Amino acid sequence: MSDGTTLPRLLSNAGPADPASLDRHLAVHGRTVLPSRRGVSDLIETVKRSGLRGRGGSGFPAGLKMQAVAAAPRRRRRVVVANGAEGEPASLKDDALLTRSPHLVLDGIAVAALAVDADEALLCVKAGPESPAHLLERAIAERSPIDRVIPSVVEVPNDYLIGEESALMNFLNTGRALPTFVPPRPFERGVGGRPTLVQNVETLAHLALIARHGAEWFRGVGVGDDPGSILITISGAVGAPGLYEIPGGMPLGALVDHVGGYSGPVQALLVGGYAGSWFSPERAGQLPLGHAAMRARGGTLGPGVLTVLSAGACGVAETARISRHLADHSAGQCGPCAFGLPSIADALERIAEGTGEPGAHRWIEHWSAQVSGRGACHHPDGAVRMVASALLLFADDVTRHETGDSCVATATERRTPADSFPPGSTRR
Amino acid sequence: MTTLGINPIACEAHGLCAELFPEWIALDEWGYPIIDERPIPAGLLDHARRAADACPTLALKLQSKRRSDLEGHA
Numbered sequence: 000m001s002d003g004t005t006l007p008r009l010l011s012n013a014g015p016a017d018p019a020s021l022d023r024h025l026a027v028h029g030r031t032v033l034p035s036r037r038g039v040s041d042l043i044e045t046v047k048r049s050g051l052r053g054r055g056g057s058g059f060p061a062g063l064k065m066q067a068v069a070a071a072p073r074r075r076r077r078v079v080v081a082n083g084a085e086g087e088p089a090s091l092k093d094d095a096l097l098t099r100s101p102h103l104v105l106d107g108i109a110v111a112a113l114a115v116d117a118d119e120a121l122l123c124v125k126a127g128p129e130s131p132a133h134l135l136e137r138a139i140a141e142r143s144p145i146d147r148v149i150p151s152v153v154e155v156p157n158d159y160l161i162g163e164e165s166a167l168m169n170f171l172n173t174g175r176a177l178p179t180f181v182p183p184r185p186f187e188r189g190v191g192g193r194p195t196l197v198q199n200v201e202t203l204a205h206l207a208l209i210a211r212h213g214a215e216w217f218r219g220v221g222v223g224d225d226p227g228s229i230l231i232t233i234s235g236a237v238g239a240p241g242l243y244e245i246p247g248g249m250p251l252g253a254l255v256d257h258v259g260g261y262s263g264p265v266q267a268l269l270v271g272g273y274a275g276s277w278f279s280p281e282r283a284g285q286l287p288l289g290h291a292a293m294r295a296r297g298g299t300l301g302p303g304v305l306t307v308l309s310a311g312a313c314g315v316a317e318t319a320r321i322s323r324h325l326a327d328h329s330a331g332q333c334g335p336c337a338f339g340l341p342s343i344a345d346a347l348e349r350i351a352e353g354t355g356e357p358g359a360h361r362w363i364e365h366w367s368a369q370v371s372g373r374g375a376c377h378h379p380d381g382a383v384r385m386v387a388s389a390l391l392l393f394a395d396d397v398t399r400h401e402t403g404d405s406c407v408a409t410a411t412e413r414r415t416p417a418d419s420f421p422p423g424s425t426r427r
Numbered sequence: 000m001t002t003l004g005i006n007p008i009a010c011e012a013h014g015l016c017a018e019l020f021p022e023w024i025a026l027d028e029w030g031y032p033i034i035d036e037r038p039i040p041a042g043l044l045d046h047a048r049r050a051a052d053a054c055p056t057l058a059l060k061l062q063s064k065r066r067s068d069l070e071g072h073a
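In order, the protein sequence lines correspond to chains A and B. Counting in numbering that gives the first Met the number 0, the first sequence runs without a single skipped number right up to 427 at its last residue. Counting in numbering that gives the first Met the number 0, the second sequence runs without a single skipped number right up to 73 at its last residue.
One chain only, chain B, in its complex shape (with noise of 0.2 Å):
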C-alpha cells in the first residue's frame, strides 16, 4: 500500500503537487497542501509519483506500508 507523506517543514507551498494530482490534493487558504492520507488507488499512482517528483523541495514523498503498519496506527 502507498500513500503520500509531507514533510511539513521541508514544504513551501509551491503547490505543484495539488495542480499535478487534484484527485488527492488540495490547497488550504495559506497555499499548503492537504493531503488524503488513505491508500492510493493503483489507478492513481502515476499521478502521485509525478506530484511527489515535481516538489521542488522533496517535501512529498510516496511511502510504502505494509497493511499491519497501517492498522497498528495509533
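This is chain A alone, in the form it adopts within the complex (with noise of 0.2 Å):
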C-alpha cells in the first residue's frame, strides 16, 4: 500500500473474509486518519492537490467542492451525502465498492464530514431486493465508536435521474426524485437547506486513501489532469467484462488488451453510458480515460462507462434502445425534453426497423437543436450528444435503413448491456 505505483487501491480488499469486518480493513489499508481541527484546512489544501476529481460523472474537482460547503457560514449546520445509488444501467462500481470495501467509503465520509464540519451524513443506496443496506448497517455499528458522526444509510429509488444531483436532494428533502431548478446549489443550500457535500461514493472512497497517504501518493498513478485511480466498468464484446481499477488517463486500447481484448469483430464503442459517445474502435482505442482528458475531446468519461459494440449488432437498434430508455427516464417536467426526447426515440425506432422516410434523420436533428440546454438539468443534453455520435458514426447504416435496407442485426434479439456480463464477473 505504501507503493504509489501499485493497483489496485480500492478494489484491493478481494477475499472470502467479511468485508463488514473492521478489522480486515485495517489490516489491507491501515490505520483510518482523521485530520485534527486545526488540520482540517491542511486537508483540504491536500485534495486540491491531489486533483481528485469527483468519480459520480461531473469529474469536478474533490477539493473546490469540499471548500465551498467548508466556506459556509460558521453557525449553518453541514450535510455529508455518499451518493452510492448510481442509476447508470450498465455500471457496477458503486455496488461493488459498497459491498466488497464499505469501510473505506465509510472512512471517507468521516474524512469528508471532519473537512466541512458537519454533523449529520447520509449515505445513499438503492433500494430493492439487492441493496447493501444491510451489510453497511453493520459496518456502521462495528465502527461507531470511533466515528464521530454516524451515517445514516438512505434507500433511494433505483432510478436513472438519481444520478443528478439536485433530484437526489430533492428526494431526501420531499421523496420526489426530480431534479429542481438549480440555483441554490447543494453546497448553499441543500439537505434540508443547509449546506451539503455531496460526492459519489469512489470519490470518497479515494477521500480515505488520500488522508492516509497524501497527495503524493495519489498522483502516483494516473496522468496529468486525471490523477489516480479510476473504476471502469466494461461491458460487450471483450473477453472478460467486469470492473477494473485503472490509472487515470488509461489509454482505452490498453484496457481492452488487458480484458483479453475484443471477442470478434467490433463495430463502436459507447464511451461515457447512457449520456456519452459512440466511438469508432479505431478512435475508441487512442482515448485516454479520464474525465479532463474526455472532456478536452467533447466526449464525457461519466461514471466510467464502456460499452462494445459487436460488429453483428445493429448500432442503430441499440441507439434507438438507449434513446428510448432515456426518453422513459424523462422527470417530465420541462416541455422540450418531455416531448422532445420521446419524438426522437420514435424517429430512431422507426428508421431501426426500416419503417422511416428518407432523411427521417434530419428529424432528429432538429427536435435535438430544440431540446439541447432548455431543461432544467442536462438530462436531455447527454441524450442529445449520444444520439449526435450515433448519426455521424452510423451514417451508413442510418442510410441503408432509410431506404429500406435491413442489417443483419435487426432480427436479433437485442440486449442490455447488463446481460452481457456473466455471472461473477465483478473483478479487480
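These are calculated hints, taken from the structure and not from any lab test. These figures come from a predicted structure and were not determined experimentally. Just so it is clear, CB atoms sit at the ideal spot from N, CA and C, and this is done for glycine as well. It cannot be assumed that every hint is accurate.
Using C-beta positions, here's what the derived DEER-type ranges look like [what the hints assert, rightly or not]:
#, chain 1, residue 1, chain 2, residue 2, range
1, A, Arg37, B, Ile33, 50 to 58 Å
2, A, Glu215, B, Glu36, 43 to 51 Å
3, A, Arg184, B, Ser63, 14 to 22 Å
4, A, Thr173, B, Pro21, 35 to 43 Å
5, A, Arg282, B, Pro21, 40 to 48 Å
6, B, Ser63, A, Ala70, 19 to 27 Å
7, B, Ala53, A, Glu129, 47 to 55 Å
8, A, Gly372, B, Thr1, 18 to 26 Å
9, A, Arg37, B, Ala53, 52 to 60 Å
10, B, Glu36, A, Arg294, 17 to 25 Å
11, A, Arg137, B, Asp35, 53 to 61 Å
12, B, Glu28, A, Ala295, 28 to 36 Å
Both chains are sitting in their own frames, so use the hints and assemble them into the complex.
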C-alpha cells in the first residue's frame, strides 16, 4: 500500500472474509487517518493538490467542492451526502465498492464530515432486493465507537435520474426524485436547506486513502489532469467484461488488451454510459480514460462505463433502445425534454425497423437542436449528444435503413449492456 | 443589463409571453418558449416586463446582470 504505483487501491479487499469486518479493512489499508480540527484546512489543500475529481460523472474537483461547503457561514450546520445509488444501467462500481470495501467508503465519509464540519451524514444506496443497506448498517455499527458522525443509510429509488445531484437532494428533502431548477446548489442549500457536500462513494473512497497517504501518493498513478485510479465498468464484446481499476488517463486500447481483447469484430464503443458518445474502435483505442481528457475531446467519461458493440449488432437499434430508455426516464417536468426525447426515440425506432422515410434523421437533428440546453438539468443534453454521435458514426447504416434495407442485426434479439456480464464477473 | 430567464420546470406552455413579446420570444413546436438570451434593448424593456408579469406560473423572470457577470458566464 505504501508503493504509490500499484493497483488496485480501492478494490484490494478481495477474499472470502466478511467485508463488514473493520479489522480486515484496517489490516489491508492501515489505520484510518482523520484530520484534527486545526488540520482541516491542510486536508482540503491536500485534496486540491491531489487533483481528485468527482467520480460520479461530473469530474468536478473534489477539493473545490469541499472548500465551498467548508466556507459556509460558521453557524450553519453542514451535511455530507454519499451517493452510492448509481442509476447508470451498465455500471457496477458503486455496488462493488459498497459490498466489498464499505469501510473505505465510511472512512471517506468520516474524513469529509470533518473537513466540512458536518454533523450529519447520509449514505444513499439503491433500494431493492439487492440493497447493501444491511451490510452497511453492520459495518457502521462496528465502527460507531470511532466515528464522530454516525452515517444514516438511506435507500433511494433505483432510477436513472438519481445520479443527478438536484434530484437526489429533492428526494432527500421531499421524497420526490425529480431534478429542481438550480440555483441554489447543494453546497449553499441542500439537505434541509443546509450546506451539503455531495460526493459519489468512489470519490469518498479515494478521499479516505488520500487522508492516509497524501496527495503525492494519490498522484503516483494516473496522468496530468486525471491523477489517481478510476473504476471502469466495461461490457459487451470483450474477453472479460467486468469492473476494473485503472490509472487515470490509461488509453482505452490498453484496457481492452488487459481484458482479453475484443471477442470478435467490433463496430463501435459507447464511452461514458447512456449519456456518453459513440466512437469507432480506431478512435476509441486512443482515448485516454480520464474525466478531463474526455471533456477535452468533447466527450465525457461519466461514471466510467464502456460498452463494446460487436459487428454483428445493429448500432442504430442499440441507439434507439438507449434513446428510448432516456426518454422514458425523463422527469417530464420540462416541455422540450418531455416531448423532444420521445420524438427522437420514436424516429430512431422507425429508422431501426426500416419503416422510417428517407431523410428521417433530419427530424432527429431538428428536435435535438430544440431540446439542447432547454431543460432544468442536463438529462436531455446527454441524450442529444449520444444520439448525435450515433448519427455520425452509423451514418451509412442510417442511410441503408432509411432506404428500406435492413441490416442483419435488426432481426436479432437486443441485449442490454448489463445482460452481457457472465455471472460473477465483477473482478479486480 | 437585463435579460429574460425562464424556469423550465415552472413553465407550462401557456404561451402568453410569446404573444406579448414576439420580438424576443418564439414558441417551439410543443408550445414552449425559445427566448433570446441577449440583453434586452431599453426600448423593449416594457414589453419584457409585461411578458414576465403575464406568466400564469411565474416561470418567466427579468434578470439583472452586471456586464462582468455576463462575460464571466462559461
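The hints, checked one at a time:
Distance hint check for Arg37(A) and Ile33(B): the Cβ-Cβ separation is about 53 Å, which falls inside the suggested range of 50 to 58 Å. One distance hint, 43 to 51 Å for the beta-carbon pair Glu215(A) and Glu36(B), holds here, with the actual separation near 44 Å. For the pair Arg184(A) and Ser63(B), the beta carbons lie near 20 Å from each other, so the given range of 14 to 22 Å is met. For the pair Thr173(A) and Pro21(B), the supplied restraint of 35 to 43 Å holds, since their beta-carbon distance comes to about 37 Å.
At roughly 45 Å, the beta-carbon separation of Arg282(A) and Pro21(B) lies within the given 40 to 48 Å, and the hint holds. The hinted window of 19 to 27 Å between Ser63(B) and Ala70(A) holds, with their beta carbons roughly 26 Å apart. For the pair Ala53(B) and Glu129(A), the supplied restraint of 47 to 55 Å holds, since their beta-carbon distance comes to about 51 Å. With their beta carbons about 21 Å apart, Gly372(A) and Thr1(B) fall inside the hinted range of 18 to 26 Å.
The supplied range of 52 to 60 Å is met by Arg37(A) and Ala53(B), whose beta-carbon atoms lie about 56 Å from each other. For Glu36(B) paired with Arg294(A), a C-beta distance near 23 Å keeps the hint of 17 to 25 Å intact. The beta-carbon spacing between Arg137(A) and Asp35(B), approximately 57 Å, falls within the hinted interval of 53 to 61 Å. Between Glu28(B) and Ala295(A) the beta carbon distance is about 35 Å. The supplied range of 28 to 36 Å therefore holds.
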